[in-house]
Amino acid sequence: MKLQRIRAVARKEFLHVLRDPRSLIMGLALPMLLLFMFGYALTLDVDRVPLMIWDQSATPESRALVDRFTGSRYFAVAGRADNYRTIERAIDNRDALMALVVPSGFARDLEANRPVAVQMLVDGSDSNTATIALGYAEYIFAGYAREVRLEELQRRGGRTLRPPLAVEPRVWFNADMLSRNAVVPGLIAVIMMVIAALLTSLTVAREWESGTMEQLIATPLTGPELIVGKLVPYMCIGVFDLLLSVLIGRYVFEVPFRGAWPLLMGLSLLYLVVALSLGMLISIVGKSQFVSSQFAMMATLLPAFLLSGFVFPIENMPGVLQMLTHIIPARYFVTILRGLYLKGVGPAVLWSEALLLALFGAVFLALAVRKFKKKIG
Amino acid sequence: MTGTDSSAVVVLHDLERRFGDFVAVNRINLSVQRGEIFGFLGPNGAGKSTTIRMLCGLLTPSAGGGSVAGFDINTAPEQIKERIGYMSQKFSLYEDLTVEENIDFYAGIYKLPTARREERKRWVIAMAGLEEHRQSLTGTLSGGWKQRLALGCAIIHEPPIIFLDEPTAGVDPISRRSFWELIYQLADAGVTVFVTTHYMDEAEYCDCLGLIYRGELIALGTPEELKGAMTEELVEVACEQPQEALFIVEGLPGVQHAALFGRGLHVVTARAGEAIPVIATALTAAGLRTGQPERIVPSLEDVFVSLIEARDRQTAPQVEVAR
Numbered sequence: 001m002k003l004q005r006i007r008a009v010a011r012k013e014f015l016h017v018l019r020d021p022r023s024l025i026m027g028l029a030l031p032m033l034l035l036f037m038f039g040y041a042l043t044l045d046v047d048r049v050p051l052m053i054w055d056q057s058a059t060p061e062s063r064a065l066v067d068r069f070t071g072s073r074y075f076a077v078a079g080r081a082d083n084y085r086t087i088e089r090a091i092d093n094r095d096a097l098m099a100l101v102v103p104s105g106f107a108r109d110l111e112a113n114r115p116v117a118v119q120m121l122v123d124g125s126d127s128n129t130a131t132i133a134l135g136y137a138e139y140i141f142a143g144y145a146r147e148v149r150l151e152e153l154q155r156r157g158g159r160t161l162r163p164p165l166a167v168e169p170r171v172w173f174n175a176d177m178l179s180r181n182a183v184v185p186g187l188i189a190v191i192m193m194v195i196a197a198l199l200t201s202l203t204v205a206r207e208w209e210s211g212t213m214e215q216l217i218a219t220p221l222t223g224p225e226l227i228v229g230k231l232v233p234y235m236c237i238g239v240f241d242l243l244l245s246v247l248i249g250r251y252v253f254e255v256p257f258r259g260a261w262p263l264l265m266g267l268s269l270l271y272l273v274v275a276l277s278l279g280m281l282i283s284i285v286g287k288s289q290f291v292s293s294q295f296a297m298m299a300t301l302l303p304a305f306l307l308s309g310f311v312f313p314i315e316n317m318p319g320v321l322q323m324l325t326h327i328i329p330a331r332y333f334v335t336i337l338r339g340l341y342l343k344g345v346g347p348a349v350l351w352s353e354a355l356l357l358a359l360f361g362a363v364f365l366a367l368a369v370r371k372f373k374k375k376i377g
Numbered sequence: 378m379t380g381t382d383s384s385a386v387v388v389l390h391d392l393e394r395r396f397g398d399f400v401a402v403n404r405i406n407l408s409v410q411r412g413e414i415f416g417f418l419g420p421n422g423a424g425k426s427t428t429i430r431m432l433c434g435l436l437t438p439s440a441g442g443g444s445v446a447g448f449d450i451n452t453a454p455e456q457i458k459e460r461i462g463y464m465s466q467k468f469s470l471y472e473d474l475t476v477e478e479n480i481d482f483y484a485g486i487y488k489l490p491t492a493r494r495e496e497r498k499r500w501v502i503a504m505a506g507l508e509e510h511r512q513s514l515t516g517t518l519s520g521g522w523k524q525r526l527a528l529g530c531a532i533i534h535e536p537p538i539i540f541l542d543e544p545t546a547g548v549d550p551i552s553r554r555s556f557w558e559l560i561y562q563l564a565d566a567g568v569t570v571f572v573t574t575h576y577m578d579e580a581e582y583c584d585c586l587g588l589i590y591r592g593e594l595i596a597l598g599t600p601e602e603l604k605g606a607m608t609e610e611l612v613e614v615a616c617e618q619p620q621e622a623l624f625i626v627e628g629l630p631g632v633q634h635a636a637l638f639g640r641g642l643h644v645v646t647a648r649a650g651e652a653i654p655v656i657a658t659a660l661t662a663a664g665l666r667t668g669q670p671e672r673i674v675p676s677l678e679d680v681f682v683s684l685i686e687a688r689d690r691q692t693a694p695q696v697e698v699a700r
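Residue numbers (this note's numbering), protein chains in the order written: chain A, 1 to 377; chain B, 378 to 700.
There could be a bad hint or two in this list.
Distance condition first, Cα-Cα at most 30 Å in a straight line; then the derived DSSO-like pairs of lysine-lysine [said to hold, decoys possible]:
#  : chain 1 : residue 1 : chain 2 : residue 2
1  : A       : LYS375    : B       : LYS488
2  : A       : LYS287    : A       : LYS371
3  : B       : LYS604    : A       : LYS375
4  : A       : LYS373    : B       : LYS488
5  : B       : LYS467    : A       : LYS371
6  : A       : LYS371    : B       : LYS488
7  : A       : LYS374    : B       : LYS498
8  : B       : LYS488    : B       : LYS467
9  : A       : LYS373    : B       : LYS467
10 : A       : LYS374    : B       : LYS488
11 : A       : LYS2      : B       : LYS467
12 : B       : LYS467    : A       : LYS374
13 : A       : LYS375    : A       : LYS2
14 : B       : LYS498    : B       : LYS488
15 : B       : LYS488    : A       : LYS287
16 : B       : LYS498    : A       : LYS375
17 : A       : LYS287    : B       : LYS467
18 : A       : LYS375    : A       : LYS287
19 : A       : LYS2      : A       : LYS343
20 : B       : LYS488    : A       : LYS2
21 : A       : LYS2      : A       : LYS371
22 : A       : LYS374    : A       : LYS2
23 : B       : LYS467    : B       : LYS498
24 : A       : LYS2      : B       : LYS498
25 : A       : LYS2      : A       : LYS373
26 : A       : LYS373    : A       : LYS287
Just so you know, these hints were derived from the structure itself, not from any lab.
None of these values were measured; they are calculated from a predicted model.
Could you build the full structure based on these sequences and the hints that come with them?
In structure tokens:
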């Protein structure tokens, strides 16, 4: 490989990108758009569930229960009702997702130590949110029931009692349980893969289509020189995108970063080589811009989205799919980014992922060089 | 035969290329001497580009072989690529790059040292007449300019042999003429030029010609040799209704073949002296206004049309038999 030729190819490729608005939009604007879109849309958190309240009892006891709901950050009062029609309308209009109905005999039954039934109505059309919201509600009910029981016991025994068992949950790595903190690093991995592969998928195919490749293969330029030269500018775009994504993650989405910056940069470069080489390989085999870009989209977007563990945990997948995730490079980078972002782990933990990424990169590059022929047809 | 000839820089030896059942190039033998302008002629689809691509190492021969600059086209295509300049049929410049950027790119690909790079860049720009357009995007240039720039980029490393595949297709006549002047200059400097074309007037500029038809080389020689090789005689008939005249003349005794040519007909016959009165009588009898038929010296175009006609007559019965 001759440096002078690689430099000539890289320089030419840079100029193509700079003069082609399509490449610029795809390389710079699209990743930012995706990051913002998914960063805001892909929030898996459920909080401030809109709640309708119908307190038929209207007693200090029932108000104490209702206060526990209105005071919680998981619920927001959407309105008060005094009949089922109002509740139904609110749920139909999506003004409320849940309704709490306290029966009129609430305080009386409580006093008489009879079992009390409180009604929760839930809009099940979004089952995930409904389940999570019900969980919150049950937690509040349990807390209330425990307090009522304690008060009762204290009154009878005449002394202060301590609850027998108290759970003090403590969440590690993502203490606020914000799904965004896990979504943004995963998103960066997906976006880098798709954009990088898409960018390079056009580059060799374009030269075959425009006829310039016939001229190029009649020169002493070698396959590796062409491939490396073409990778350079897209590598720069990739690094720029990465830095921008990381900054947006840090300052717009306020995702904390706990790892080492040099490690993030080094592993990201490795990942970029994997994605760019994959696109290059597709471009060399595809030979047409349309076929190559479609294939690059298919080969990266869905697997990176669905099989990388970014949205769906790999442990919950059927066995066959779990096996399949091992050949998805994004899987390893999602693990790396989450490890760096949330846990702040170092090379001791991430070396196996890094090694596998390096292997992917080497295989894709070797295949690209092998498949590139300085022949027509 | 010419393999041992040290001055033969391009040698084809039973060169063959098939695409499936189709034989694009059928066992071609020829050699080109150093400093010669070799014109490779033939109709579209005859196998000109396929041959040139095999010589430049872009296409692998199906059988046979050859050598360029002393290197075997089957085993050393990359060595050949360092010693040739190739200009493909399509303009192969990067249209979104400026004139200078295109030149710089190819200078880099051919690894020109810095000092020589500047000198060659000046040469290419001057040769193409692009002094005023150094910073223009190549896509905005006219066809003639693009063609000269493409040539300049293809020979920026001063190769001893250049292959030009229909370099003047789609270029205006004035640009074509000045392009050929350039080719002459290069040949004078000792460069061997292998050029394909289907313009017959360009054939006259070449030192040596090969005519390829349906994949086969059907004639080889200098323009004079080829003209002298035509044994038939040629009669020109100027007339106002050439279509109708053609219909009449083709059926006359002693006429081997007739073809539309400019504002009249070219009639191939064994003996012009006997055919002329027959033609004149027949056309007058049909009431067509014609000039007096005249015997003329055949041009290269006449020679090639006659050679191709002869080839068709020769192969047609064979095809019938084969069925």
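For each hint, the structure was consulted:
no., hint, in the structure
1, A:LYS375 to B:LYS488, "holds, 22 Å"
2, A:LYS287 to A:LYS371, "holds, 11 Å"
3, B:LYS604 to A:LYS375, "violated, 38 Å"
4, A:LYS373 to B:LYS488, "holds, 21 Å"
5, B:LYS467 to A:LYS371, "holds, 25 Å"
6, A:LYS371 to B:LYS488, "holds, 25 Å"
7, A:LYS374 to B:LYS498, "holds, 27 Å"
8, B:LYS488 to B:LYS467, "holds, 24 Å"
9, A:LYS373 to B:LYS467, "holds, 20 Å"
10, A:LYS374 to B:LYS488, "holds, 19 Å"
11, A:LYS2 to B:LYS467, "holds, 28 Å"
12, B:LYS467 to A:LYS374, "holds, 18 Å"
13, A:LYS375 to A:LYS2, "holds, 21 Å"
14, B:LYS498 to B:LYS488, "holds, 13 Å"
15, B:LYS488 to A:LYS287, "holds, 27 Å"
16, B:LYS498 to A:LYS375, "holds, 29 Å"
17, A:LYS287 to B:LYS467, "holds, 18 Å"
18, A:LYS375 to A:LYS287, "holds, 13 Å"
19, A:LYS2 to A:LYS343, "violated, 43 Å"
20, B:LYS488 to A:LYS2, "holds, 9 Å"
21, A:LYS2 to A:LYS371, "holds, 20 Å"
22, A:LYS374 to A:LYS2, "holds, 17 Å"
23, B:LYS467 to B:LYS498, "holds, 22 Å"
24, A:LYS2 to B:LYS498, "holds, 21 Å"
25, A:LYS2 to A:LYS373, "holds, 18 Å"
26, A:LYS373 to A:LYS287, "holds, 12 Å"
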